[in-house]
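Student: Single-letter residue listing:
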Amino acid sequence: DVKVTQSSRYLVKRTGEKVFLECVQDMDHENMFWYRQDPGLGLRLIYFSYDVKMKEKGDIPEGYSVSREKKERFSLILESASTNQTSMYLCASSFVSGNTIYFGEGSWLTVV
Amino acid sequence: GNSVTQMEGPVTLSEEAFLTINCTYTATGYPSLFWYVQYPGEGLQLLLKATKADDKGSNKGLEATYRKETTSFHLEKGSVQVSDSAVYFCALSDRQGGSEKLVFGKGTKLTVNP
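Protein chains in written order, with our numbering: chain W, 1 to 112; chain X, 1 to 114.
Because the hints were derived from the structure by calculation, they are not lab data. One should not assume that every hint holds.
[Said to hold, decoys possible] For lysine-lysine, the following DSSO-like pairs were computed, each having C-alpha atoms within a straight-line distance of at most 27 Å: (1) 106(X) to 57(W); (2) 57(W) to 49(X); (3) 55(W) to 109(X); (4) 52(X) to 106(X); (5) 71(W) to 18(W); (6) 68(X) to 3(W); (7) 57(W) to 60(X); (8) 109(X) to 3(W); (9) 106(X) to 55(W).
[Stated by the list, open to error] To give an idea of the interface, some chain X residues facing chain W are shown, with a C-beta separation under 10 Å as derived from the structure: (10) 34; (11) 100; (12) 102.
For every residue, glycine included, the Cβ atom is placed at its ideal position computed from N, Cα and C.
The whole structure should be built from the sequences, with the hints applied where relevant.
Tutor: Listed below in structure tokens is the structure:
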């Protein structure tokens with residue numbers, strides 16, 4: 001079975017803190033994604049990566065950055081957390097030649 | 001750009017009722033279409049998919065048919081159970097550069113009462 005693991009399920013951070021959300025997949029997938037999920041808005045793509053050290057902006061990249069130093073790991077970084085970044089964050093991965101995307105269980109982030 | 005529109009919820013049904021959750025899409029070309037399900041407190045799981053016109057995806061009694069003529073991929077089940085209570089997301093694949101990403105609808109929350 002494909003496993004996408006997000007290291008933190010629940011986090012509470014203060015405004016202005018730097019926040020790291022980590023994601024690891026064990027299926028040698030080339031593509032990795034970060035989405036955020038908000039009520040009434042569905043899932044919105046923040047960033048994605050199709051190879052090590054490569055990244056592409058999604059629909060809502062402002063206030064976020066990403067890092068992909070190894071194929072299996074994709075990190076989402078909030079440089080200076082703000083209350084409007086309180087949300088559920090979902091990591092996902094897929095093969096470059098396939099179109100089924102597998103999700104992690106999500107990380108609930110609250111910024112106070 | 002490509003987009004997905006699905007019926008807004010919440011939807012509340014009694015057990016054994018018939019379920020339809022509407023999903024229509026706008027896309028150039030012929031994307032693959034998906035339904036994902038999210039149970040409380042969990043991430044998204046792939047429920048079913050269809051990769052070309054007239055394909056039917058099915059899983060756990062839920063099914064959806066790729067209708068190119070109506071650009072639709074409605075989710076249906078003949079008799080729902082309490083265990084079907086979840087949030088359902090319709091999505092399409094969108095190729096950007098060399099990789100594929102998903103474009104999601106806003107989700108439909110389904111509650112099935114005993």
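Student: Hint by hint, say whether it matches the structure.
Tutor: Hints versus structure:
no.	hint	result
1	106(X) to 57(W)	holds (20 Å)
2	57(W) to 49(X)	holds (26 Å)
3	55(W) to 109(X)	violated (32 Å)
4	52(X) to 106(X)	holds (23 Å)
5	71(W) to 18(W)	holds (23 Å)
6	68(X) to 3(W)	violated (33 Å)
7	57(W) to 60(X)	violated (35 Å)
8	109(X) to 3(W)	holds (25 Å)
9	106(X) to 55(W)	holds (25 Å)
10	34	holds (8 Å)
11	100	holds (5 Å)
12	102	holds (5 Å)
Figure legend: structure checked against the earlier numbered hints; hints not met, in rising order: 3, 6, 7.
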